[in-house]
Every structure is written in structure tokens, then in C-alpha cells.
Amino acid sequence: MIKKLYVMSVQWLILIMISVLWTPVLPQTGSGPEKCIMVFGAHADDVDEIAGGTFAKYIAMGFKGVYVCVTNNLAGCNLEKTPFFNGPGFTVSDSPLKYPVGGLETNQIRSEEAKAAAAVYGAIPVFLDFCEPEIYLGRKVIIYGTQDFLNYNPPGKRQVNLATRYSEDVNVVYELLKQYRPEIVITHTLGGEKLDHEGTAYMMYLAFKKAMDNNVPVGKLWMTVNGWLLDKTSRNNGRGKPDVHIDVRNHLKTKYEALNKHLSQNGGSGREYVIRNQTQPKEVIEEFITVIDNTK
Amino acid sequence: MTRISHPLNHAGIAMRKLRLINTFLSVLISIFVPFGTLAQDAGILTGRWGEFGDKPGQFKFPAMIASDKNSNIYIVDQHNHRIQKFDDEGTFITMWGKPGRGPGEFNFPFGIAIDSKGFVFVSDMNNNRIQKFSPGGEFISSVGSYGTSDGQFKYPYGIAIDSNDVLYVIDAFNYRIQKFNADLNFLNKWGTQESIGFRLYMPHEIAVDKNGKIILSDRQNHRISIFTSEGALVKRFGRYGEGEDAKGGQFSEPHGVALDERGEIFICDRYNFRIQKFNSEGESQSQWVTSGSLDDSKHFPLGITSNHHGSIYVTDHYAHCVQKYALVK
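Taken in order, these protein sequences are the chains called G and H.
Each step along the first sequence adds one to the number in numbering that gives the first Met the number 0, with nothing skipped, and position 102 is 101.
Each step along the second sequence adds one to the number in numbering that gives the first Met the number 0, with nothing skipped, and position 56 is 55.
These aren't lab readings, by the way, just hints derived from the structure by calculation.
One should not assume that every hint holds.
With a cut-off of at most 35 Å between alpha-carbon atoms, the simulated DSBU-like pairs for lysine-lysine come out as follows [what the hints assert, rightly or not]: (1) G:156 x H:131; (2) G:240 x G:252; (3) H:59 x G:156; (4) G:114 x H:188.
Remember, predicted model here, so these are calculated numbers, not experimental data.
Chain G with its partners taken away, still in its complex shape (with noise of 0.2 Å):
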């Protein structure tokens, strides 16, 4: 009997000790990355559209979701003539005219498709609330730091570009990560695209470096290839070579059910939306190109 027990007491130490080894080293200090997966995007529908399928497979795995909008969705709302205007859930009124949406109202909208979106992933979502470089009063443009801008005085912390001057700015993404200390991050590209993408990439870049700096356990960062202009090749297509392959196609449903929650952006046909604007050209197929891989 003694002997039998003995010999179980070692089995299950070897037991032990190979699911020890087979676990993957990490440099830092204390435990490891949580299983926790955020995505970064810029405006409500950009988690959806850079990595949707990506984000739903990781979840159904068991990983903790984190979608953040890292403005205040102050731009962007067309509500009468999205290019998918007739999509469901629309009313239609008959105009002929495409027609912005002034700053406040645009952040309610966006705000509340953006909580409608993580909820079908399953998500928490996070708002980070810096500012638009540009928003709309009523129907007119206004830039950020004209008079216009500055009387508006929309809520809100600094536009997302100049945030990443500034280490308090810096530091609310930081916080956030260490709060999450999540496997995997993905956001933008640093280079290219539209300027409050690019802000929300180096933002991103900046703290997930000063989180590894400050040993805190993240993973890996991966950014999209869309835009990306950091090497020769991709100079000539603005399309970087990827090094991530997420097969998404058991998870498409769930990127378009939550991508069809930004009505004021796709009208409710997402996926259209995303195969014209080419942010995941192959569909099935999610790609990234890791920036950082803080697992090795």
C-alpha cells in the first residue's frame, strides 16, 4: 500500500513538474501575462474592424476581453447617409444629403454602439476619452486649437496625438495595462493611416514599453498591416509584411453582429464596410505584425 502511493506521489510530481516546463518563460519579475486580450482602436468601430475576429476567438478561448476607444468619438457620425444608409435599424427620412452630427451627440452615439459591440464579444469596454483632432459644430468642421475648437470646449482629455508628449497622458494607457496585464495587445500601425490612428499606435507603443521597463508582465504587441510604412517594401503598397496569422473564419459572425452595432458608421453592414475599406483583406484570415514580443 505504501509502495502504491509512493508510486502515485511520484507520478504526479512528474506530473507537475512537466506542465511547469511546458509553461513559457517570461522575463519579468512575479507572475506572468494574464490570459487577457485588449484591443486598442482609435475610434468605437476600430476594434471591430482591425481585429473583430481575432478578438472573438481569443475570448472564446477563455481570454479576458478589453475593448478601448482611445478618443471620445467626437467625430465621425453621419446619421442620415452612411454609405449603407438603408441598413436595419435605420429610419429613413428621404434626405438626399449626407449630414454630420455635432460633437456632443456623435460621442453619445458612438459611445453607446461602442458598449453595444463589446457586449457581443463579451467584453469589458474601456473609454479612454482623449480628443478628436477635429469634431463638427452642427454641420461645420472645427479643428482642434482654432478659436472655434477652444470656445466648443468639448469634454475630454487632450487630442490623442499630443497625448503622447505627455507622460501623464501616457501614463492612463499605462495604467491600464497594469491593471490588465494582458497576453496580447493589438492597435494601429505606427506609421501611415489617418493621424489619430497613428497617435493611438505610438500612445500604445510608448506605454507598452514603459510597461515592460517598469517589469510589469504584457505579452506581445501586435499592430495591423494596413498603413504600415516602416520598411522599404511596404513603402511602395503602405502594407507591412505580417508575422501574425489568426485563422477568424469560426468567428466572423460575432466580428460582424458587433460591427453592425456602429450604425452611424456602416449602417449596419459591416462587413461590406470592412471588405471596401480593406482593413483585413483576406477576411478568414486576421493579420498582424508583432512590434513587440515581450515573451521571449
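Since the structure of chain G is already known, use the hints to place chain H on it.
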């Protein structure tokens, strides 16, 4: 209550001249202009006050407006996060509020309504609550937080109070109207797509007539809806129309709604730069462009109210001012 002189004294003289000229013009119009045309020019500008700023009598993006039984005018000074009170000629009386989340503070307020006892109710839009104040601005109570439960809001916009002091609140992103008593206790709610047969689309302002009927501007549907107090749809009218060809009954983003003593309905037709007047059945009566006869610039009407003397007051959100009109009978 502190009463100070008009903050724009130098402009006051000009306004008095403007009123005299307008009165003269209105007499001329009533004599020489055929009746059919007169119906298109029902409002004559008789006063204007305000400019951009944060001093008393100045505004930053004024939103909705209300009047009490003494004809005092209360204006939501949205981007100053405060309420300003004036007499019916625009003389500043008092103001209250500052940015914040505490009692008496605001985060982009929008709607305003006065009950029969003179209490002032304000929809504190981005704080997702309704606040109640004394006529002089002392905080009394509040209700609401972000959410979908009874008494919670997703951005309360326009508010109105009926003759029984029942408060109606447009709960915009919950697509419903919530009802409260004057102590801000929840009473009822209605307005879902299932219950009214269509989906409200950025509803903005609301008014209640003497019979308890609710008139609501359904902004992005470019329509006006009339409901019973329990939310049964009585009538829906209007359709999209913009520009010089827009006829009476066509709208481009209708905002403010007001009723006069006779139950006639006034609508701010924002992107047609005009006020439209309807009878209580929703039939188009007349309209006027919201610019003065001495001022060619078009004004964006947002909020509107009437007083017991028949004057109409309109806020211009982008010109940071209030315009006062007299109706040509």
C-alpha cells in the same frame, strides 16, 4: 434675488431702436401685404440679447429655454454648464451652476421646464440626471444615473411639465419617455418601438398642451409626433425638406417645441433657419425665417418658448444669443 443692469447696455439702445423699427415695419406689413403672404411672416423680431462669453448675460451654446408664469425666461447655457434667468426683456436676474457632478453642478445640460409653483427642472444631460431647483436656483433634489432601469437615463434631452406638474423626460438613447412627479419619483415610461409603432430617432424636445397631449420633435426622423400622456400615438406629421423649396410641414432637424396659450405649436426647424407654426391638429399655419428684418444673417433656432404676452423666445445655439419675436396677428 440679485437684479443687475443689462450686461450689454450699449447694445440695449440699438435694440430699442430695432424694436421701434420692427414695430413700424409690422404695421406697414399688416397694411400693405396680402394676407396669404403675411402668413409666411408671422414673427417679427423685437429683441435680441447675448453674445459668446461667460459673463452674466453672455452664453456659450445656449440650448433649451423656458418661461415661468411671471414671464421670466430661463436659458440652459450649455457650454458654461449653468442656467441663466432673465426678465421678459432680457434683463439679467440671476444664474447658477458650474461644471461638475455634484448637486447644482452640470455636465452639458440640455432641457429645462418650470412647474406650476415655479420650481425649475433641468436635464443634466451628460450626468444622466434631472435636477430640481427653486426659482432662484437653490438645489432641491435630483434623480437619475446612467442605465436602463426606471429612473435611470441614457442622455436625457428635452423635458416638459404638464398642468398637474407631471414631468416628462426624453430618455434619448433608451428610446423612451419617462414620467416623474414633481418630487422626482418615477411614475411611468413609454415610447419603445413596439409600443408606438416606429423607432424614435434622436428625439430632442418635448412640450405638453393644456389637455395633456405630448408634442415631441423626433429630430432625425424630421417629424413631429403627438401622444397622449400615456404614450398612445395620436398623430405624426412632417417629412424631410430643406432649402428654399421646403414647404410648411417639411423639416430639416426639428428641435425646440413650444405651445402658446391657444395650443398652437411652434417648432424650431433648425436647418431651414425658421420657426414653423401649426395648429393643435398639426396643420401648418405659418412660418418665419429666424433672422431679423435688419439682419440678413440666418440664425439656427434650437430652443423655443412662449410667454403669457404672446412673445416667442428662440435660442440660437451657434450665435450664442436669444431672439425675441412678436407674432403678427
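Verification of the hints:
As the CA atoms of residue 156 (chain G) and residue 131 (chain H) are separated by approximately 30 Å, the hinted pair is consistent with the 35 Å bound. Between residue 240 (chain G) and residue 252 (chain G) the CA atoms are separated by roughly 27 Å; this keeps the pair inside 35 Å, and the hint holds. Using a Cα cut-off of 35 Å, the hinted pair residue 59 (chain H) and residue 156 (chain G) holds, with the two alpha carbons roughly 20 Å apart. For a cut-off of 35 Å, the pair hint linking residue 114 (chain G) to residue 188 (chain H) stands: about 23 Å separates their Cα positions.
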